[in-house]
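Chemist: As a plain string of letters, each chain reads:
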Amino acid sequence: MTPQQMAAAVARRYPDVLVARDEVTVVVDREALVEALAWLRNEPALAMDFLSCITATHWPGCDPALWIDYELRSIPLQHRMRVKVGCGEGDAAVPSVTSLFATANWLERETYDFYGVVFEGHPNLTRILLPVDWDGHPLRKDEPLGGVPTWYHGTRVPPIDERGMA
Amino acid sequence: MPVERYEGIHLGTTPEEIEADVERGVLLTTMDRAVGWARKQSMWPATFGLACCAIEMMATGAGQYDLARWGMELFRASPRQADLMIVSGRVSQKMAPVLRRIYDQMPEPKWVISMGVCASAGGMFTNYAIVQGVDTIVPVDVYVPGCPPKPEMLMHGILTLQKKVRSEEPFR
Amino acid sequence: MSAGAGHRGQGAAFDAAGDIAGGFRDPATGDYRQETMIINMGPQHPSTHGVLRLLLELDGETVIRCTPIIGYLHTGIEKNTEYRTWIQGITYVTRADYVAPFFNELAYCLGVERLLGIDVPERARLIRVLVCELNRITSHLVGLATTGLEMGAVSVMLYGLREREIIMEIFESLTGLRMNHAYIRIGGVVMDLPDDGPRKIRDLLDVLPARIDEYETLLNDNPIWRERNEGVAVLSAERCLELGVTGPVLRAAGLAADLRKDMPYCGYETFDFDVPTRTEGDAYARYRVRIDEMRESLKIVEQALDRLMRTSGPVMIEDPKVGWQARLSVGPDGIGNDPEYLAHIMEESMEALIHHFKMVTQGVAVPAGEVYSTVEAPRGELGMYLVSDGGHRPYRVKIRDPSFVNLQALPDVIEGYLVADIIAAVSSLDPVMGGVDR
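Residue numbers (the working numbering), protein chains in the order written: chain A, 3 to 168; chain B, 5 to 176; chain C, 22 to 459.
Hints in this document: simulated from the structure, not taken from any laboratory.
Do not take every clue at face value.
To be verified - Computed footprint of chain C on chain B, listed as stretches where at least three residues anywhere in the stretch have a Cβ under 8 Å from a Cβ of chain C:
#, region
1, 27-36
2, 65-71
3, 82-96
4, 131-141
5, 161-167
All of these numbers come straight from a predicted model, not from anything done at the bench.
Yeah, the Cβ is synthetic: ideal placement off N, Cα and C, and Gly gets one too.
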C-alpha cells in the first residue's frame with residue numbers, strides 16, 4: 003500500500019496520522035498503545051507483524067517531553083509505519099508490548115536505560131548497556147555528554163558540550 | 005645471520021665473529037642481554053580485542069602481516085599464560101574493572117600496548133561511556149595511535165616494545 | 022584403600038564405606054546431590070565473538086538457562102552525534118558495526134538525504150552499491166574466519182583473512198582507510214574511484230570465486246564441521262520474526278526476506294541477483310547462506326563495475342553546503358590539503374574564508390522531521406532513526422543494529438544444547454559487539 007492509503011486505513015480508527023517524506027506516523031495515547039499495535043498487526047490490509055525498533059526522543063520544554071517511537075514493518079506487504087506515544091518526564095511510564103512482540107524485550111530495556119521510561123509489564127526491566135549501578139539516564143537532553151577536558155597546544159579544551167560552538 | 009644493533013647494545017661485532025663463536029660452541033653475553041633477548045622473542049599476547057582495533061589486530065596476526073615472525077601469533081586466552089596485553093579498542097566504563105582484573109592476573113613481567121586512539125586517550129568518544137585513556141587504569145608501555153592503526157603501525161609499536169624489553173633490566 | 026582418615030591428611034578421598042564420591046552424597050537420603058552450576062563466560066573470552074558475557078546455568082554439559090549480558094563496549098555513539106554536525110555524525114556512526122562500516126554510513130546518509138529531500142548522482146549510487154557489496158563479502162569473511170577460529174579450525178581463519186586483505190587493499194585505494202572509512206557522505210561519496218580501482222576490482226573478481234570454492238571444498242562436507250554445526254542452534258522462521266531476527270539467520274530458516282529486494286534502496290532493483298535461502302535453520306544452513314551470499318555479492322559487484330565504466334558524472338551533489346568535501350583535491354601529502362583551495366580562502370577571498378568556516382563548523386542545516394532509513398546489512402536490517410530539529414546538529418540518531426536484536430535470540434538457540442554448541446551458536450548468529458552495544 004502507498005503511504006496515503008495506509009494513512010487512510012488507519013485514520014478511521016486513530017485519527018492522528020501524518021504522512022511526511024513517504025512515511026506514515028501515527029500518534030496514539032499510551033493507554034491505547036497495546037491495543038493499537040495489536041490492531042495494526044491483525045488488520046489484513048496493514049499486517050504490521052514485525053517490530054523493527056523502539057526508541058525514544060527527549061524534547062525538554064515540550065509537552066509531552068518524552069516521545070517513544072515504535073517502528074513497524076509488514077513482512078508480507080512490504081511497507082512500514084511508525085507509531086508514537088508521548089509521555090511526560092515526571093510520569094515516564096508506558097505499557098510494554100513484549101506480550102505482542104518478543105523483540106521488544108531488549109529494545110524496551112535499552113530505552114529504559116537511556117531515557118528512564120518505565121515499561122509496565124516488562125518481564126525484566128533492568129539496565130542493559132550501561133553498568134547496572136549507573137546513575138541517571140544519559141541520553142536525556144539535560145544530562146551532560148561527559149568526557150574530560152584535554153590539554154592541547156598549551157590550552158585546556160573543555161569537553162564537546164561545553165565548548166560553546168554554535 | 006643478522007646482527008642486531010641497537011644503541012649501546014650489540015651481540016658481537018661482525019657476523020663472521022658470531023659464526024666463529026657459535027662454531028666453538030660458546031657465546032658470551034651478559035645476563036641482561038640474554039634475558040632481554042629471550043623475553044622479546046616469544047611474547048605471548050593475551051586476547052584482549054575489544055572493537056575495531058581488534059579486527060586490525062587479527063589482520064596483523066593473519067597471513068599477510070604476520071605476527072608469527074616475532075613469535076607472537078599465539079594469542080593466549082588465559083591471562084596467566086600471557087605476558088603482553090594489547091588493549092585494542094575502546095574501553096567502556098563497564099569493561100574497565102574487567103580490564104584491570106585481567107591485567108592483575110597476568111604474571112610479571114608483563115607489558116601493555118595501547119592500540120588505537122580510543123585505548124590511548126579516549127579517541128573521538130569523549131563522553132560518559134568511554135574511559136579516556138587506558139593508562140588511567142593500567143600502566144602502558146607503548147601507545148599506538150590510529151583509528152584503527154594499520155597493521156604496519158601495530159607492528160612498529162610491537163617492535164618498539166621489543167626494543168624496550170630488550171634493553172630493560174630483567175629483574176625490576 | 023584406607024578407611025576413615027584421608028591420605029596424607031588431605032581430606033577423605035574415600036569415605037568410611039569405601040565409596041569414592043562420598044563427599045558428594047546428600048547425608049539425609051544417600052543420593053548424589055543434583056545441583057546446577059552457574060558459570061560465567063566472558064567478557065574476555067577467546068570464543069565469544071567479542072566482549073559478550075554469558076551467564077550460564079549448566080546441568081553437567083547441558084545449558085539450562087543462558088542470560089547474555091551486554092554493554093561492555095557501550096560507546097555512547099548516539100549521544101555523541103548530538104553534539105557534532107550532521108557530516109561529522111558519519112564518522113561516529115561508521116564505528117558502530119565496525120566490520121561492515123559502509124552500511125552504517127549508507128543507512129545514515131540515506132536518512133539524511135531523505136530529510137533534506139535530495140537525490141544523489143547516478144555514479145555515486147553505483148559506487149555505493151559497489152563498496153557495500155564488497156563490504157558484505159568482507160563481513161561474511163570475517164564471520165567465517167572467526168567462526169573457524171572459535172571452533173578450532175584455525176586455517177579457516179587464515180584463509181578468510183587472506184581474502185579479506187585483497188578487498189582491504191581495494192578499500193584503501195578507494196577511500197584511504199582500511200576500516201571505518203567515512204567514504205559515503207551526505208549527497209554522494211567523497212571521492213571517485215582512483216585510476217587503478219577498476220583494475221583491482223576486476224582482479225578480485227577473477228580470484229575470489231575460486232577461493233570461495235576452496236572454502237566450500239574444505240568445509241561443506243567436512244565431517245567435523247557438519248557434526249558441530251548441523252542441528253545446532255535451530256531457529257524457525259516464525260520464532261525469528263517474533264524475535265525480530267533478520268538477515269542470514271532468517272534466510273537460513275526459510276524466509277527470503279531481504280531489504281534489497283523487498284524495499285529496494287540505492288537502485289538495487291536494477292541489479293540482477295538472487296537471495297539464497299535454506300530451510301533447516303541451523304548453524305550449518307546459516308554458513309551455507311553466507312557462502313552463497315558472497316557469490317551473489319560478487320555478481321552485483323561485477324554488474325556495478327560494468328555500469329560504472331559506462332556512466333560518467335559527479336559523485337557528489339552540486340550544493341556546496343553539502344558537497345564541499347568532495348570538491349577538495351587530494352594534496353601532495355595525500356591527506357586532502359588542497360593548496361589551490363587554501364590559497365583561495367586564505368589569500369584571495371574573505372567571503373570564501375567565512376563561507377568555508379561556516380561550512381566546516383556548521384555544515385548543512387537539515388529540515389525538521391524524522392526518518393527511519395534501513396539497509397540490508399550483512400547481519401540483517403540495519404536501521405537509522407534520525408530526528409532533526411531544523412538545526413546543524415542531529416537531534417537524535419538511533420542505530421537499530423541487527424546484531425543487537427539478533428542477540429536476543431541467544432537464549433533460544435543455546436538452551437537445551439551442550440556447552441560446546443554455544444560457540445557454534447554464537448558464531449552462527451554472527452554478532453558484532455560494536456553494533457550491539459554502540
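Chemist: Does each hint fit the structure? Answer for all of them.
Modeler: Evaluated hints:
1. 27-36: Answer violated; 0 residues pass the 8 Å Cβ test.
2. 65-71: Since three or more residues must qualify, the claim that chain C covers the region 65-71 of chain B holds, with 3 doing so at under 8 Å.
3. 82-96: holds (count 4)
4. 131-141: Per the Cβ count (4), the hint holds.
5. 161-167: violated (count 0)
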